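Sequences listed follow chains L and W, in order.
Per this note's numbering, the first sequence runs over residues 1 to 168.
Per this note's numbering, the second sequence runs over residues 1 to 788.
Honestly, the hints are just simulated from the structure, not real lab data.
Take these hints with a grain of salt, some might be off.
Said to hold, decoys possible - Going by beta-carbon spacing under 8 Å, a handful of chain W positions derived as facing chain L:
hint	residue
1	Y31
2	R286
3	M287
4	D478
5	G481
6	I482
7	G508
As the list claims (entries may be wrong) - Computed cross-link-like contacts, EDC-like style, restricted to lysine to aspartate or glutamate with a CA-CA straight-line distance of at most 16 Å:
hint	chain 1	residue 1	chain 2	residue 2
8	W	K655	L	D83
9	L	K146	W	E722
10	W	K62	W	D160
From a predicted model like this one, the values you see are computed outputs, not experimental measurements.
C-beta: ideal position from N, C-alpha, C; glycine also.
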Amino acid sequence: MAKVPINVKVNGVEHNVDIEPRLLLVHFLRENLRLTGTHIGCDTSHCGACTVVMDGRAIKSCTAFAVQADGRSIMTVEGLEQDGKLHPLQDGFFQEHGLQCGYCTPGMLMTGYVFLGTNNNPTEDEIRHAISGNLCRCTGYVNIVKAYQYAAQKMREGGAEDGAKNIA
Amino acid sequence: MAPKTSPEIGGMGHSVKRKEDPRFLRGLGNYVDDVNLPGMLYLDIVRSPYAHATINNIDISKATAIPGVLAVITGKDLEKYNLHWMPTLMSDTQMVLPVDKVMYQAQEVAAVLATDRYIAADGVEAVEIDYDPLPVVVDPKKALLPDAPVLRTDKKDKKDNHIWHWEWGNRDATDQLFREAEVTVKEDIYIPRIHVSSIETCGCVAHFDKVNGKLTVWMTTQAPHAIRTVFALVAGHVGLSEEKIQIISPDIGGGFGGKVPVYPGYVIAVAASVLTGKPVKWIEDRMENLQADSFARDYHITAELAGKKDGQLTALRIKTIADHGYTDAAANPSKFPAGLFHVCTGSYDLKAAHVEVDGVYTNKPPGGIAYRCSFRVTEAVHTIERMADLMAHEIGMDPAEFRMKNFIKPEQFPYKSALDWEYDSGNYAAALQLAMDKIGYTELKKEQAEKRARGELMGIGISSFTEIVGAGPSKHFDILGIKMFDSAEIRVHPTGKVIARFGTKSQGQGHETTYAQIVAEELGFPVDSVLVEEGDTDTAPYGLGTYASRSTPVAGAACAVACRKIKDKARKIAAYLLEAHEDDLEWETGKFFVKGSPDRAKTIQEISLAAYTNHPPGMEAGLEAVNYYDPPNLTYPFGSYICVVDIDKGTGEVKIRRFVAIDDCGNIINPMIVQGQIHGGLTMGLGPALYEEIQYDESGNILQGSFMNYLLPTAVETPNWETANTVTPSPHHPLGAKGVGESATVGAPAAIVNAVVDALWHLGVRHIDIPITSAKVWKLLRDAGVKD
């Protein structure tokens, strides 16, 4: 199949590559760029394991073509940690036991990254609706809600410096 | 119970943060689909659109003409190597790829091997198969009728669709008690097909190295060692030898029982790698996972309970039809075709019981695996907890009071049940009382009475379950003959650091943390200095794996016993170093000291170094131990759950207002992880109770084949679970622990159903099969003449 050129920035790094137009964004990230933190859990955009941030919006990369990312900026779970400091959400999931098998976690983190970016003082109900497009089979969501609340508080206080030290 | 160790050591009772989290939080986990080898090929599978059909012809020419498609593998190709059928865990047979007919929709029919994932999918589209549809049997009751088409025509003497009959208990005594009973209740209870749907699907990367003849398979398996042996037994004739098979179970994105069986895709990928000498990756998509991988439950139960008018229960009688699909591929211990279903007398002191189960073939995918429970225990608990509630309502007794009256009493343990299990320990009344206190049971009953008078629908449901986990004692428990022990191998390094390896495999349970905590508890090494490894059969000791809540009861016990062996040797080394008699030494976390002289002490780290640098003359150097633990009994975790529901009269929607879960899993290793397991388990109880079901139409078409209509609970439907524990240690487990991963999934559905039926009892509703959808409730309300 004929390839087409795209220019896409992923976690701040620019990529000019030729790809098949049918290539899904999630496969582009996982296989072409080897960013395997983004997972695949379903084929119908229900589970949210593949959630990444594209130009500031959380999208499901299993139902987007890589060509749709042309000229855009993508952030994946690998881009959350900055200068060796974990994002408050990563810290929150660690502190509140917001993950078990870890498979849905990257999607949960990326959904939260966008959600808390627009609302850093959410109610429990708002959090539950925000993650309703991300399925978790392990945690029963209780501790994911707490992880979001933990992160929201850290973000209101301005950063996760203290918490990040706790994670090796 | 206060921890015996400091937080820095982090032994039992500390909510140690998980050691596995940092890699997952950074997106650096290593799941099967993350494995990427040079020259790796991709396998994709052609699946049957029919539930039952003869295969006339498979035309692969268009597929193989696609550039990048290397081969299309069919049943006839595998037949040449006698690999077209494989045994199931229940000693039935299952097709890897069919030669002449398909038995269920979405069955594997051919496999395309290609250089790229997308090209493999193109190949799948291009394979042309000519089928002749055959009559389809989806209803197991119809499958047993004399005129039903016989499905397993591959079995020469098979004249019907009946697989096996199994029964347990004292039939005569039970029948006698039913004849004498003052009150009996009877109910048909269907527990539907459901699917574990771990968010990661199944898959593998098989790599046969032709140079040294070694096969390495990274695969989504909960039981890597057993898989290695199965591969060696099934494919020994084509040259696979067990010492040259390495199974690696990397990070697993949830298991819940679905990653115990051997699926045809794994076998085809291995065959493709052996034939090509190249690495082959096969990863299911979600629809394949839902439509073809092993299902759970599908039990058609008729249950009867007998008792006296004062509420005293006497006997239980159960007949069940078990729909196994086209082959019995259940994941049960070999001697138990219906799993541990005969723990169905539950938490109650019954005089007699009798249970019968008949396995049946239908044109559906095979299975009968657990769905986050220990071998049919959810079926057992659901039945007894529904029946107990029905009896309480029938005689007009409060369901809590009714349970209190019939509970096995603390002083009766160890308790021999009417169906021959020996329950290890329990205090059922304490758990129920705590649940009642926490939820405010008396006030809720009052509120309910007031609301009912106003025409509002509110229900309160109780489930007081007893589980049976930690399989199991070698006398009764094996899988394909391999006894169900588990193992720990612990090595202490000279610098006082530890590597501990196990025969189990975490799928999210946090073994890397909790096993390290057991080592910390037993030997006093800080939890941070203990590295836990599992899942690589080349390095880990042989074990039967992680399912049926057996990791803590069996491998956790092995860990404690191995640590105690190390401690015995450490005592001898300490005595030598301290020039004291070993009987004069006392242990305090992390050190031995001379009785009465606490200053004369050697830390475990000093002893570790001495084991390699200054060990006593005549003693072997080193400090390590292995234990293969054969549990003397199963463990019996229990709990009491209370659920409060409000029902919308207009829509039939069931809203869970509160859910209090009191669990007792014996002594707790990590309270944070235990609570997390219960949260998750409750949510996997909620799903089947209200949303999850796999159905088939009369032609065998699956109706819930994707997440579009197989509904997992989201955060919105899931209530904010309220949890607490009582602690009744297991008397026979070295740590007093019992296992917890599945309790909540086992106990929760009955509490929810009991609450809904309680809300509707006055309208004449006696039972509702799960899932209790809004549509079912809406219809019941309309039938009862309830207006919006």
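Status of each hint after checking the structure:
1. Y31: Status holds, d = 7 Å.
2. R286: holds, 4 Å
3. M287: Given a least distance of 6 Å, the restraint on W/M287 holds.
4. D478: violated, 28 Å
5. G481: Violated, about 31 Å.
6. I482: violated, 26 Å
7. G508: Result: holds, 3 Å to nearest chain L Cβ.
8. W/K655 with L/D83: At roughly 45 Å apart (the allowed maximum being 16 Å), L/D83 and W/K655 break the hint.
9. L/K146 with W/E722: holds, 14 Å
10. W/K62 with W/D160: Distance of about 40 Å is beyond 16 Å: violated.
Comparing the model with each numbered hint stated earlier shows that hints 4, 5, 6, 8 and 10 do not hold.
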